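Going by the working numbering, the letters in the sequence shown line up with residues 3 to 382, in that order.
Hints listed in this document are in silico derivations from the structure and should not be mistaken for laboratory results. One thing to keep in mind: the hints can contain errors.
Computed spacing ranges between beta-carbons, pair by pair [said to hold, decoys possible]:
| id | residue 1 | residue 2 | range |
| --- | --- | --- | --- |
| 1 | Thr4 | Trp257 | 37 to 47 Å |
| 2 | Ala280 | Ala376 | 20 to 30 Å |
| 3 | Phe62 | Leu164 | 26 to 36 Å |
| 4 | Arg38 | Thr355 | 16 to 26 Å |
| 5 | Ser129 | Leu285 | 31 to 41 Å |
| 6 | Trp257 | Thr37 | 34 to 44 Å |
| 7 | Phe62 | Gln186 | 14 to 24 Å |
| 8 | Pro61 | Ala284 | 42 to 52 Å |
| 9 | Leu281 | Gln186 | 39 to 49 Å |
Quantities reported herein were computed from a predicted structural model and do not represent experimental measurements. Beta carbons are placed, not taken as given, at the ideal position from N, Cα and C, and that holds for glycine.
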Amino acid sequence: MTSTAKSLAAVIASISVVGMAFGLNMPLLSLVLETRNVDSSVIGLSAAMQAVSAVVATPFIPRQIAAMGAHRYLLTCLAVVCGSILLFPALDDIASWFVIRFVMGVALTGVFVVSEAWIIQIAGARSRGQVLGIYAAVLSAGFSIGPLLIRFTGVEGWLPFLVSAGVVALAALPILFARAEAPQFGDNRNLPFSGFFRMAPVAILAALVFGAVETCILSLLPSYGLKNGLDINAAATLLAVTGAGSIALQVPIGWLSDRFDRRHVLLFCAAIGLAGVALLPALINHQAWLWPVLFVWGGVIVGLYTVGLALLGERLHDLDLAAANAAFIQAYGVGAILGPTLAGAAMSAIGPTGLPLSLGLLFGGYMIFAAARARRAAVQ
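Using the sequences and the hints, build the whole thing.
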């Protein structure tokens, strides 16, 4: 195995394990709060705390990575995530959970910034979409497996949190083995968020929309299922099925993005997203149709992030990759704040239909923006 392949394999393996813990933790916290009859808007606000931390932390991360080195910074962030998870059952009240989710969000943001910049720097330009597709597929595998663990751990007591923390600890092992192959990053962040948006608006907005959509799915889709008559196991399976679609479809989507205009691929992903949420209310209690639709829907919409990240690397290749990816993840964080907050409020105001309505507005708005930018580029 070449040093490049070893480095890519290590960081992708590590982030996939983190994804498993993340996939367990997000619905776990929401289901615990739901069983305690906490209002949907409060559940959405709680989930948004991790996103708030992403927005706050990203301006400082590139310099921290440059000072510590990629592998040391990644290991430090993993340790903070592990410790934060164990604090949830130790400090068992909603106010403390808001603070813990903020701290954990700072560390998780660092994990994703350094991991994705690592991948973009090492992957060749001609195959970047496919490599990022592999990354997204294994990350989605972690997201998909995580909710299934709830079937075995339940949602009560220390056990689910101990399992989640143990999974995060395992993510450190590949990085330890590949620390010599870790890339170097600069600390240059000359452009603010608005500067990156002007240079790659379709890519940055894709991150924002996907941040809103994914956080709504992870934090509110189980609650949506429960409110429509599903039991806890079936509600958790909603996430597992969407995750399975992500595993199967990310590499083909990455392949498409290496061969066609990535802006057009992003439009396709958003169109499938809009169609899926339009069908969700009619299919939620018809599982024979629900599962295959969720499989395709969940797989294609992740392309907003994957293809957006590839487009970012294409447009901003002359800039510091850690700083550019920090801006991308900052946009994701902004979306992740707005998404569950507004969708949770919509569910409280008009009932479960508030979730698909909110997601539909996000997909539709992005389609209008991306199509307008594509037409503008064609004219120029």
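Subject >> Satisfaction of the hinted span 16 to 26 Å by the C-beta atoms belonging to Arg38 and Thr355 >> reply: Holds, at about 24 Å.
Original post:
If you check the beta carbons of Trp257 and Thr37, does the distance land in 34 to 44 Å?
Top reply: Cβ of Trp257 to Cβ of Thr37: about 42 Å, so the range 34 to 44 Å holds.
Subject >> Status of the given 37 to 47 Å range, CB of Trp257 versus CB of Thr4 >> reply: Roughly 22 Å apart at Cβ, these two residues miss the hinted range, so it is violated.
Subject >> Pairwise beta carbon distance, Phe62 to Leu164, judged against the given window 26 to 36 Å >> reply: 31 Å, holds
**OP:** Determine whether the Cβ-Cβ distance between Leu281 and Gln186 falls within the hinted range of 39 to 49 Å.
**Re:** Roughly 47 Å apart at Cβ, these two residues keep to the hinted range, so it holds.
Original post:
Is it true that the C-beta distance of Ser129 to Leu285 lies inside 31 to 41 Å, as the hint says?
Top reply: 36 Å, holds
Subject >> Consistency of beta-carbon spacing, Ala284 to Pro61, with hint 42 to 52 Å >> reply: Between Pro61 and Ala284, where Cβ atoms are some 43 Å apart, the hint holds.
**OP:** Indicate whether the distance between the beta carbons of Phe62 and Gln186 respects the range 14 to 24 Å.
**Re:** 18 Å, holds
Subject >> Satisfaction of the hinted span 20 to 30 Å by the C-beta atoms belonging to Ala280 and Ala376 >> reply: Given about 23 Å between the Cβ atoms, the range holds.
Figure legend: structure checked against the earlier numbered hints; the only hint not met is number 1.
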